[in-house]
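Could you put the whole structure together from the sequences, leaning on the hints where they help?
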Amino acid sequence: MTSVTTGRRLTMVWLVLLAATCGSSLVGAEFGAGSRSVATIVIAVALFKLRLIGIYFMELRVAPPPLRLLFEGYVLVVFVTLTVLNASVRP
Amino acid sequence: MTARSQVTALALPGGAGPRTQAPRRVPGEDGIWVFVLGDMTVFALFFATFMYSRGKNPHAFSQDHHSLDVALGTTNTILLLSSSLFVALGVTRIRAGNHRGGFGLCVTALGCGVGFVVVKTVEWSHLFLAGKSVGSSEYFSYYFMFTGIHLAHVLVGAAVLCRLIWMTRQSESSERQRTLCETGGIFWHMVDLLWVVLFALFYVLG
Numbered sequence: 000m001t002s003v004t005t006g007r008r009l010t011m012v013w014l015v016l017l018a019a020t021c022g023s024s025l026v027g028a029e030f031g032a033g034s035r036s037v038a039t040i041v042i043a044v045a046l047f048k049l050r051l052i053g054i055y056f057m058e059l060r061v062a063p064p065p066l067r068l069l070f071e072g073y074v075l076v077v078f079v080t081l082t083v084l085n086a087s088v089r090p
Numbered sequence: 000m001t002a003r004s005q006v007t008a009l010a011l012p013g014g015a016g017p018r019t020q021a022p023r024r025v026p027g028e029d030g031i032w033v034f035v036l037g038d039m040t041v042f043a044l045f046f047a048t049f050m051y052s053r054g055k056n057p058h059a060f061s062q063d064h065h066s067l068d069v070a071l072g073t074t075n076t077i078l079l080l081s082s083s084l085f086v087a088l089g090v091t092r093i094r095a096g097n098h099r100g101g102f103g104l105c106v107t108a109l110g111c112g113v114g115f116v117v118v119k120t121v122e123w124s125h126l127f128l129a130g131k132s133v134g135s136s137e138y139f140s141y142y143f144m145f146t147g148i149h150l151a152h153v154l155v156g157a158a159v160l161c162r163l164i165w166m167t168r169q170s171e172s173s174e175r176q177r178t179l180c181e182t183g184g185i186f187w188h189m190v191d192l193l194w195v196v197l198f199a200l201f202y203v204l205g
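Protein chains in written order, with numbering that gives the first Met the number 0: chain U, 0 to 90; chain G, 0 to 205.
These are calculated hints, taken from the structure and not from any lab test.
Computed, partial: chain G to chain U, Cβ under 7 Å:
| no. | residue |
| --- | --- |
| 1 | A47 |
| 2 | M50 |
| 3 | P57 |
| 4 | L84 |
| 5 | A87 |
| 6 | L88 |
| 7 | H188 |
| 8 | D191 |
| 9 | L192 |
| 10 | V196 |
| 11 | A199 |
| 12 | V203 |
| 13 | L204 |
Label-pair distances were calculated between CB atoms; the ranges are:
| no. | chain 1 | residue 1 | chain 2 | residue 2 | range |
| --- | --- | --- | --- | --- | --- |
| 14 | G | L154 | U | G22 | 26 to 36 Å |
| 15 | U | L69 | G | G54 | 19 to 29 Å |
| 16 | G | A95 | U | P64 | 20 to 30 Å |
| 17 | G | Q169 | U | T4 | 24 to 34 Å |
| 18 | G | V106 | U | L14 | 15 to 25 Å |
| 19 | U | G22 | G | L71 | 16 to 26 Å |
Stretches of chain U that chain G covers, calculated by requiring three or more beta carbons in the stretch to come under 8 Å of a beta carbon on chain G:
| no. | stretch |
| --- | --- |
| 20 | 22-28 |
| 21 | 35-48 |
| 22 | 59-66 |
Ideal Cβ placement from N, Cα and C applies to all residues, glycine included.
See below:
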């Protein structure tokens with residue numbers, strides 16, 4: 000029973016990841032990443048996907064808080080760093 | 000329950016007694032997290048370096064980015080995400096004692112991993128034939144270096160999956176072997192997780 004529930008949850012996460020991947024590709028192809036706001040969305044979607052993989056596939060959702068916080072902190076720091084560097088793109 | 004596991008008990012409001020939450024535990028071996036977080040930090044520096052250089056020369060990066068085939072990059076992303084799903088499901092089956100189910104899922108995950116290597120080889124061949132190489136531009140220096148290092152991770156991950164598959168051929172597994180399966184799975188998910196950002200930076204942002 001638990002295995003069935005876990006399998007369903009993992010499959011749902013996988014579907015969200017696929018949708019985010021296809022959406023991101025289409026947005027990049029349609030609008031290009033020349034715009035800073037589109038680039039920020041692309042970075043946000045990538046970090047959102049990274050977080051889903053960590054929390055559900057790597058099972059960090061059941062990890063002790065310090066390990067989970069380290070991972071969440073990583074996601075936040077990478078997102079802020081890439082967003083700030085993206086904002087510094089010369090027009 | 001292992002020594003590392005612990006159950007968090009919360010007192011219900013109104014003194015209704017303790018309520019048991021899902022047990023908190025470190026997935027896989029403790030040591031794999033030192034490696035995974037360390038590797039992720041190194042890649043974070045790669046990502047930041049790429050974005051810094053892109054910020055200084057966006058037009059050259061944008062031009063080179065158009066030489067990449069987004070369809071091939073998307074295919075590879077879907078292959079790795081799918082392989083991660085199969086590994087996660089396989090580890091769940093192995094933990095539940097269903098080795099036959101775990102075997103099939105891990106073999107399918109390995110097939111997706113091999114598919115990734117094949118697509119990457121085709122993609123690099125096209126680029127080399129078009130005259131693109133590590134030395135052709137700053138963008139392609141980063142592209143070949145970072146995706147090359149990632150490809151090495153995929154090959155190591157494939158070897159880890161082979162070990163998991165071999166383990167599932169046994170009729171029973173010990174607690175230690177199940178932890179090793181989780182550890183192998185975590186490594187493979189890290190390979191997937193790093194690719195997700197590389198895909199966004201090289202194929203979508205450019």
